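Asks: Using the sequences and the accompanying hints, generate a full structural model.
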Amino acid sequence: MVLNKRIIRLTASFGLLFFSATIFAQQPADFVNPFIGTSNFGAAFPGPIAPRGMASISPFNVSGPQNRPLEKDSQWLSNPYVNENTFLTGFSQVNLSGVGCPELGVILLMPTTGEVEIDHLKYGSTYSNEVAKTAYYGLNIDKYNIKAEFTASKRVGVSKFTFPKGQSNVLLNLGVGLTNEEGAMIKVVSNTEIEGIRSVGSFCYNSPEEAYPVYFVAKFSKPADKFGVWKKPAKYNGVEAQWMGYNGKARMMENTIKTVVGDSIGSYFTYKFDKEETVEVKIGISYVSIENARENLAKEVGDKAFEAVYKETYNEWNEELSKIAVEGGSKDDKTIFYTALYHTLIHPNTLNDSNGEYPEIKRSKIGKTDGTRYTVFSLWDTYRNLHQLMSLVYPKQQSNMVKSMIQMYDENGWLPKWELNSTETFTMVGDPASIVIADTYLKGIRDFDVQKAYKAMLKGADQMENNPLRPGLKDYIEKGFLTTDSKGPVSTTQEYNISDYAISLLADALGKKADAKRFKARSLSYRKLFDKNLKLLRPRVANGNWYEPFDPNSGANFEENVGFIEGNAWQYNFMVLHDMNGLKKMMGGDKAFSSQLQKIFDSKQFDMANEPDIANPYLFNYVKGEEWKAQENVKRLVREYFQNIPKGLPGNDDTGTMSAWLVYSMMGIYPIVPGEPVYTITTPMFDKITIKLDPKYYKNERIVIEKESNTGGKINAIQLDGKPFNSYFISHENLVNGKTLKVIQN
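According to numbering that gives the first Met the number 0, the sequence shown is numbered sequentially starting from 0.
Keep in mind the hints are simulated off the structure, nothing from the lab.
Predicted model only: the values in this text are computed from it and were never measured.
Keep in mind that a hint or two might mislead.
Simulated DEER-style distance windows between Cβ atoms [as the list claims (entries may be wrong)]:
{"no.": "1", "residue 1": "Pro64", "residue 2": "Ala249", "range": "19 to 25 angstroms"}
{"no.": "2", "residue 1": "Gly301", "residue 2": "Thr85", "range": "34 to 40 angstroms"}
{"no.": "3", "residue 1": "Glu275", "residue 2": "Lys695", "range": "46 to 52 angstroms"}
{"no.": "4", "residue 1": "Tyr211", "residue 2": "Ala716", "range": "53 to 59 angstroms"}
{"no.": "5", "residue 1": "Gly721", "residue 2": "Lys698", "range": "15 to 21 angstroms"}
{"no.": "6", "residue 1": "Lys454", "residue 2": "Arg362", "range": "21 to 27 angstroms"}
Keeping only pairs whose Cα atoms sit at most 30 angstroms apart, straight-line, the calculated DSSO-like set for lysine-lysine is [what the hints assert, rightly or not]:
{"no.": "7", "residue 1": "Lys623", "residue 2": "Lys527"}
{"no.": "8", "residue 1": "Lys367", "residue 2": "Lys454"}
{"no.": "9", "residue 1": "Lys146", "residue 2": "Lys234"}
{"no.": "10", "residue 1": "Lys646", "residue 2": "Lys584"}
Built from N, CA and C at the ideal position, the CB exists for glycine as well.
Replies: Encoded structure:
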């Protein structure tokens, strides 16, 4: 409650002068609250970013003992900003949203006054009057009485500092960051320009040898009166230390344009103002070269003023968010809905520069694209709902995402698993890219090389040796399941099953009937792990016996366990969405199925904060007469876990996956089977939802979902284009080729 009041008060304190759009009727972009997800480990950041932007700016408040316990060196923390923290050490220029491991959060800009201080724990400050809106973030830095404001274009972050009279400084610190990598280079080009490199990588502590550089160029709106660079080397403890007067001490190098390389390095620009003055800093980003960073800055922003960049990015966001228009519902409903949609449009984000260049996987060469090369594919999360949302509402983006995946196959011989800035991290389990590609094609988005994609899918599904996508594949093919010799054998078997089912659907659509039959059969092998006495899936050892001792509850709350990845037997029990009728039969029919499903909720085993069971509330739609339970559960979960407050996400947003769940749930439909173009229906939470359809991919201009309700009770009837629709499942084809889906409540 305190946080609620704080945001309302701080937002009001900045006034509405800057946000001229609010003078008129509120637009979708005006409902976005970037503070949502900045607490409760949601891992969102409140600073500005363009839709699918490369550059982003976040306040960095996770350094220093003042911020404990939510401090980056005190515990596992994957975000550059935590809402409840109070001590700021700068503003990072490249960031990830809603990920589970620390990475990026580097190139920290910080304005100060007085003598130059380079220790971030000494120059850091508390802050106040914090404001976050679409494409804009601002605050006051208490220690220096500086007003700091930020916006961004696709590849450029723009900062605006209003300094008081006296000596003022802008520090650019390359020694601090969220990443676990070290190493940087910096050079002052002139009294208005800095260029440099910061090394990042080792996401989730995987593939440290694949660390890579971020290049940048910073341009200042006013020439500095003085400038310099600093370097603080590590302390040497050898015999020679007795002669090294400079051992471990920071070196300040004034008015030099020489290149400085090291770990703890940075630069400072100093001004002497005789009255209040404003300095703008524009930082272009590239993953290819300093030259491309400079070109990105020139092409995208050039001499544009801060307000002009803000307006362009705000308008771009508003255009994207306006593709879904909602009517009815409260202001908070619209805020959590449009903020969720906003979060789904951050990742995957743009990797290529304005000239089309991007680093290929393995970084053996520079590639070039005429479209958009996307990056940050957290596919274990996003295969379940985010890409389905993109196919429906943003099909051109989704097409380019699939093309990006196929490019990755061209570059390193495999489809992506968890790709980050052209580094394959191999984080999590399964073969999720196959699901996304099949789902996209089956939804009618076919402007990509499906034959090459299919070849890549078969390689991942069939190559038993040296297969980084599917470890343990030999056991899976020969026995039908992974044994306890493999990591998370039950859940990984389920992931392979889901991928195989998607491949079978695509094979069938491509006329490859033998493959379709083979992969359909493979997709059902989870049944060998079903314990009919427990009515749960459980692990088997190499000889086929059940693993003992087995505790179905073990694995909750990310506890390590033998059978499952990030979950337990209860949370994974229904994650065979492609075979619900088969699961029902094994459980003993509708009644037993429903009872076991209800038990997950009653025993508090359901985990809204992680992916394996997020489809569970919809599964009551598979039991005739119990669809009302799906309606009640979805509504309850939305109200309980998604709110207009910083902790208003159930946990890590997983690059927009949890937000996509919310968007679909509030619209009253959900893509229930990954890879299969079908939605299940529940009660919309708005009176009317209008989804604009892309004419390049769909024949209709829009699809409307309406709710007709007198009492807000159970669904009594469903109509499609005014005619009775006697099912709680609707195909993608019927949905997009219809005009109005109406849900009528008692």
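Asks: If a hint holds in the structure, say so; if it doesn't, say that too.
Replies: Outcome of the hint check:
Checked against the hint of 19 to 25 angstroms, the pair proline 64 and alanine 249 passes, with Cβ atoms roughly 21 angstroms apart. Range check, glycine 301 to threonine 85: Cβ separation about 37 angstroms, and the 34 to 40 angstroms hint holds. The supplied range of 46 to 52 angstroms is met by glutamate 275 and lysine 695, whose beta-carbon atoms lie about 51 angstroms from each other. As the Cβ distance of tyrosine 211 to alanine 716 is approximately 56 angstroms, the hint placing it in 53 to 59 angstroms holds.
In this structure the hint that glycine 721 and lysine 698 lie 15 to 21 angstroms apart at CB holds, the actual value being about 19 angstroms. Judged by the Cβ atoms, the range 21 to 27 angstroms given for lysine 454 and arginine 362 holds: they are separated by roughly 24 angstroms. In summary, the hint linking lysine 623 to lysine 527 is supported, as the alpha carbons are separated by about 27 angstroms, within the 30 angstroms threshold. Between lysine 367 and lysine 454, the direct Cα distance comes to roughly 23 angstroms. Compliance with the 30 angstroms bound is thereby established for this hinted pair.
Among the hinted pairs, lysine 146 with lysine 234 is inconsistent with the structure: their alpha-carbon atoms are about 37 angstroms apart, more than 30 angstroms. With a CA separation close to 40 angstroms, the supplied pair lysine 646 and lysine 584 exceeds the 30 angstroms bound.
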